[in-house]
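Spelled out, the chains give:
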Amino acid sequence: MNSKPARRSLLRSGLLAALLLSSVGQAALAQEVNLYTTREPRLIQPLLDEFTKDTGVKVTTVFVKDGLIERVKAEGEKSPADVLMTVDIGNLLDLVEAGVTQPVDSKVLQEVIPAHLRGADNRWFTLSLRDRVAYVSTDLELGAITYEAFADPRWKGKVCIRSGQHPYNTALIAAMIAHNGLQATEDWLRNVKNNLGRKAAGGDRDVARDILGGICDIGIANAYYVGRMKNSEPGSDARKWGDAIKVVRPTFEKSRGTHVNISGAAIAKHSPNREQAVQLLEYLVSDKAQSMYAKANYEYPVKAGVELDPVVASFGELKIDTLPLTEIAKHRREASELVDKVGFNN
Amino acid sequence: MPDLLELDHISLAYDTPDGVVPVVNDLSLGLRKGHIGCLLGSSGCGKTTILRAIAGFEPLRAGEIRLAGRVLSTPGDAIEPQDRQVGMMFQDYALFPHLNVEENVAFGLRKLTKTRRQMRVNEMLELVGLTDARKRYPHELSGGQQQRVALARALAPEPELLLLDEPFSNLDVDTRERLAFELRDILKKTGHTALLVTHNQAEAFAIADRIGVMDKGSILQWDTPYALHNAPASPFVADFIKREVLMAQRAQAYQRGLAAE
Amino acid sequence: MSGGRRFLGSEAGSVWLLGAVLIALGVLAPLATLVWHASSGSFEHWAHLFDHVLPQAFLNTTLLLAGVAVLVTALGVGAAWLITAYQFPGRSILSWALLLPLAVPTYIVAFAYLDILHPIGPIQTWIRELLGYTSPRQFRLPDLRSLPGAIVLLGFVLYPYVYLSTRIMFATQAASLLEAARILGETGRGVFLRVALPMARPAIAIGVSLALLEALNDIGASEFLGVQTLTVSVYTTWVTRNDLAGAAQIALAMLCVVAILVLLERRGRRRQRYASNLRARPVQPLQLHGTRALVASALGWAPVIIGFVAPAIYLLSETINHLALAGSVSDQLLASAGNTLTVALVATFFTVLAGLIVAWAARAVRHSQQPPLARICARISTTGYAIPGTVLAIGLLTPLIAFDGLLSHVAGVVMGAEPSLWLMGSMGALVCAYVIRFLAISVGGMESGLARIPPSLEQAARLLGESPAGTLRRVHLPLLRPAIGAAGLLVFVDAMKELPATLLLRPAGFETLATWLYAEAARGTYEEGAVAALAIVLAGLVPVVLLARSQLKPVY
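Chains A, B and C, in that order, are what the protein sequence lines are. Per the working numbering, residue 1 is the first one in the first sequence, and the count goes up by one each step. Per the working numbering, residue 1001 is the first one in the second sequence, and the count goes up by one each step. Per the working numbering, residue 2001 is the first one in the third sequence, and the count goes up by one each step.
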């Protein structure tokens, strides 16, 4: 991003021209962009503030926990949404499939993001990676583990995990289906269920808390929470939980890679501020933003070569599962139905 | 002198899920201006229904109700209760609990100016002897006092006719008799025409100029108390009227100089 | 002579009836949309749901409701009787304190107790210290995340519905009946079981059905505690599979349960005496001494402590910890609080108004039938309460957007205004959802308030020259003030606590305390979430205290 000052003055003169050209009754062209996101606002707000600081474009965020597609679809052409951001590949692809996105031809995005982490049709883009790892009690000696091993009887009554229907888990199960097939995954899921130390409920951080509480010894959760917990104020609850666990990156037997989900974005079909929308996306894959993803959010940056937070770095090397993300989306539905069939959450 | 209130061959009935239940069949009576009439009968004979029909709360199935020559109800049509110039005292007094005595009495006087209204309220309170209690609320009054407020309220708008639905049933025996006489005094003083409904012969005889003994929706005899006792029209009527009661009442009535016409 | 036969009963007035019909249609709109969405789904959806989701969810929901019903009845009726029949130290405070759990939403009580009763939480740590254990791995209590756990938590937070309705009933019952029973030789327990309890059955039915509707609607507690209820299934079916049709199908199945509950409540109301004796004396309580007084106190205070005091203290201490660590409260939280109050006030106003219209149009007058159309409208208007917030919001999206389109079109033609989202872009959509959700409270409150006004009052007013509208204004409205106040307060509290519908329907940048709390919990920062939770509970206290105070005034 070496043309920021030039960009800014370009924007300014553009604004002036727009003002001069605007007729009575037309709203003045404000520099703004509307972000509809399923990401918790606190995570994304610092990056957005930096964006506004650097570009002068105001960002209005709408946090839509559920029903993002429904909302955008229902709003139709009048929808003010510019950028649609979500933290799950399935949701992102659903957006594309629902026809509420438009393609973006951006050199910047194409250069930074590896091909298998963005849409071939340029409709969706990964902004950061979120690996799903094993939280292990510090009392336990465990070097490496596979996802498949969680079904092993040695873990009976010792496994904690959140709801099987949560998108993070259905993505993992979908990946398992893609690797090992439906029947094998069903058996695996049943055995994992039998190994649960308590009901599949709560959040990912509860896995750490419950490990500390002795309810279980290992669990499956997202890696970035650990960064957050271990970097919390000493004496705080979060810190206590973080200190009770260590991270081991599990792999699939077949691919020897760790399952990742993504946070990503797309541009809304009827975006009223398209130019600013593209600008925001490009900003989010810049070094500065990616570094914030890494250092402030403890996520894994999609851009290569960005420095990691020390805690994250201590987890070791992340070998990403080579399974194309679209495969996960393909088996999502089956994964969710499998959870119901096995009665995982009961 | 023509009658003030005329019930002309009226019939009344209820609609129930099982069909139409007749209550009053082809009943007629006339009440002269200034007289106090009474419908006397046991519960279920239809007397309260007649009262409600005169008030405008029950539709007529047949016949006509006229007041001062004006037609109030026919089977096809009826004047709204608020336009009938009829006043009513309810069995439970129906005093507005959120208004004090003064405000209760003034309720029906909104068409008057403030001064006229105040004057009228004072007049009524004095009439019933409750001037000191004007600021009290209904729940702070005794049964007898509540009844008097209800009377004052009903009379304040100067109705043509006053209806009374078992006015003494909520009171104890001693208060009942005393208040029955008081009520008659007040009504005679103001000259109001009234129709009362009760199952208690003592009250009927204490208060009324004309009594109609009722049974199963018909009036068996409509006459002065004296006539009812001395010339009952049927064995039923004769049984209904107790000799001793009449003697005591008559004696007291003569004492007070109010001869039965 | 005025035309037509209009005798105090069939004339609720056509304006009121029209209003009631419009309101009922408004409540039906999301239902209709749901049916439409559900029927657009495929049958393979249905097959999967039927085989794997519905049976367990139905079973869980039924067990949950049954358990909660038993618990709230025991707690609510027991508490109401204790307060009515006995005198012991602290009774007058306890009589309103028993309402306090109303201020704590179900998701907050789950959130609080998961921490309080966690193996590393205060209670279990203390127990371990007592027993001499050092680590939770040596000793821990069974996990709260289970069906029994959910039943207990919901029971202790929803019993006030039963307590309230039963207490009012006990208070307005003629003391003479209860005293007659005593004189006939019945002991305290006998009077309770043979006279008071049967008389109070309608009130209990009403309170239980309200509590169960609330339990059925809950998403937060069930989700946190891992109980797969029908509501949770609707939510997950839609969220994880974007399967709106499937979600709508489950939702429609839930409406069967709802229908049963609503019928139960209706029967209860019908059995209640329509006109109270204006001169009913309150019951004279029996004085207790010594140990018995102590036991009574303990029994009475237990639900309050479990349902309110413990979670409140927990939230308070978490807030203090957080403030000590972080130093201040964020601006977002303050803004959320302001938003919450505003939208709750606006919604309360419209909800109470709508409830009054519906109840007035449907009121029965002695000797006359209730106007059937208005009665149907009244029943329809109460169904919104039982639709889970999320599904209601989805059902509302399409009609509201369509309405917005219509408004924009009209505004464009008439005023040349730019097309915009009038309802969706403002609090309008939220208010619509809240009105539909909470109309049942308002209608119910107005109906029982109207039922307590003897018909003779209206007849008296009419004979004194007042028109029907004038009677409403001068007689009924003043006498309805307690009912209006009570309904308004309950709606206000519920509006403040509302979560799922708000998440979907709020305009850009608009947070309420509940949505902010949920976002914080989703992120995992329970500490700041506790601050928002405490704010909700504190704000919820005010109407509860006012409600309690109004209950202590003499009933007309």
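Hints may contain errors.
[Unchecked claim] Derived list of chain C stretches under chain B, where covered just means 3 residues or more per stretch with a C-beta under 8 Å from a C-beta of chain B:
no. : region
1   : 2387-2397
2   : 2447-2461
[Said to hold, decoys possible] Which stretches of chain A does chain C cover? Using the computed rule of at least three CB atoms under 8 Å from a CB of chain C, they are:
no. : region
3   : 69-81
4   : 146-159
5   : 192-203
In case anyone wonders, no lab produced these hints; they're calculated from the structure. Keep in mind the model is a prediction, meaning the values are calculated, not measured. For every residue, glycine included, the Cβ atom is placed at its ideal position computed from N, Cα and C.
Hint check results:
Beta-carbon proximity to chain B at under 8 Å applies to 0 residues in the region 2387-2397 of chain C; the threshold of 3 is not reached and the given coverage is violated. Beta-carbon proximity to chain B at under 8 Å applies to 6 residues in the region 2447-2461 of chain C; the threshold of 3 is reached and the given coverage holds. As drawn, the region 69-81 of chain A meets chain C at 8 residues by the rule of a beta-carbon pair under 8 Å; at three or more, the given contact holds. Given as covered by chain C, the region 146-159 of chain A fails the check, having 0 residues with a CB less than 8 Å from a CB of that chain where 3 are the minimum.
Residues of the region 192-203 of chain A with a Cβ under 8 Å from some Cβ of chain C number 6, which satisfies the need for three, so the listed coverage holds.
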